[in-house]
Amino acid sequence: MAAYKVRVAPEAINDLDGVFRYVWSRSGSSGVALNYLARIERFLNDLQHIPKRGSLRNDVRPGLRVIGFERSVSIGFIVEKDEVVILRVLAGGRKGLLED
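Residues in the sequence shown are numbered from 1 upward in steps of one, following our numbering.
Bear in mind the hints are in silico, worked out from the structure with no lab data behind them.
There could be a bad hint or two in this list.
Label-pair distances were calculated between CB atoms; the ranges are [as the list claims (entries may be wrong)]:
| hint | residue 1 | residue 2 | range |
| --- | --- | --- | --- |
| 1 | Arg61 | Gly28 | 34 to 40 Å |
| 2 | Phe20 | Ile78 | 31 to 37 Å |
| 3 | Arg71 | Ala9 | 20 to 26 Å |
| 4 | Ser72 | Ile50 | 17 to 23 Å |
| 5 | Ser25 | Asn58 | 17 to 23 Å |
Only pairs whose alpha carbons sit at most 27 Å apart, straight line, appear in this in silico BS3-like list of lysine-lysine [unchecked claim]:
| hint | residue 1 | residue 2 |
| --- | --- | --- |
| 6 | Lys81 | Lys52 |
| 7 | Lys52 | Lys5 |
| 8 | Lys81 | Lys5 |
Just so it is clear, the structure is predicted and the values come from calculations on it, not from any experiment.
Here a beta-carbon is modelled for each residue, glycine too, at the ideal position from N, C-alpha and C.
Given only the sequences and the hints, what does the whole structure look like? Please build it.
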């Protein structure tokens, strides 16, 4: 089975930047923030092998899946023909994950 391509939408890139800034401000260490972001990126890249994980939320948006990362981040994504599109990456219950 071929691997899916993982694509990160611009909104999710902005979210990742916000997560980085939040972790850096809370920890006082850019190294801690970079390591946390690296773990998130590895987790996202793992979706290329098993993309249909998480909870399916068709009630919000057709094909939307939501999965948690380390109990502190929610990731919203869709699985297309040969691609996983990361829509949002939100920390600590931030609103917006389920909005278009």
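Hint check results:
{"no.": "1", "hint": "Arg61 <-> Gly28: 34 to 40 Å", "verdict": "holds (37 Å)"}
{"no.": "2", "hint": "Phe20 <-> Ile78: 31 to 37 Å", "verdict": "violated (24 Å)"}
{"no.": "3", "hint": "Arg71 <-> Ala9: 20 to 26 Å", "verdict": "holds (23 Å)"}
{"no.": "4", "hint": "Ser72 <-> Ile50: 17 to 23 Å", "verdict": "holds (21 Å)"}
{"no.": "5", "hint": "Ser25 <-> Asn58: 17 to 23 Å", "verdict": "violated (36 Å)"}
{"no.": "6", "hint": "Lys81 <-> Lys52", "verdict": "holds (12 Å)"}
{"no.": "7", "hint": "Lys52 <-> Lys5", "verdict": "holds (13 Å)"}
{"no.": "8", "hint": "Lys81 <-> Lys5", "verdict": "holds (10 Å)"}
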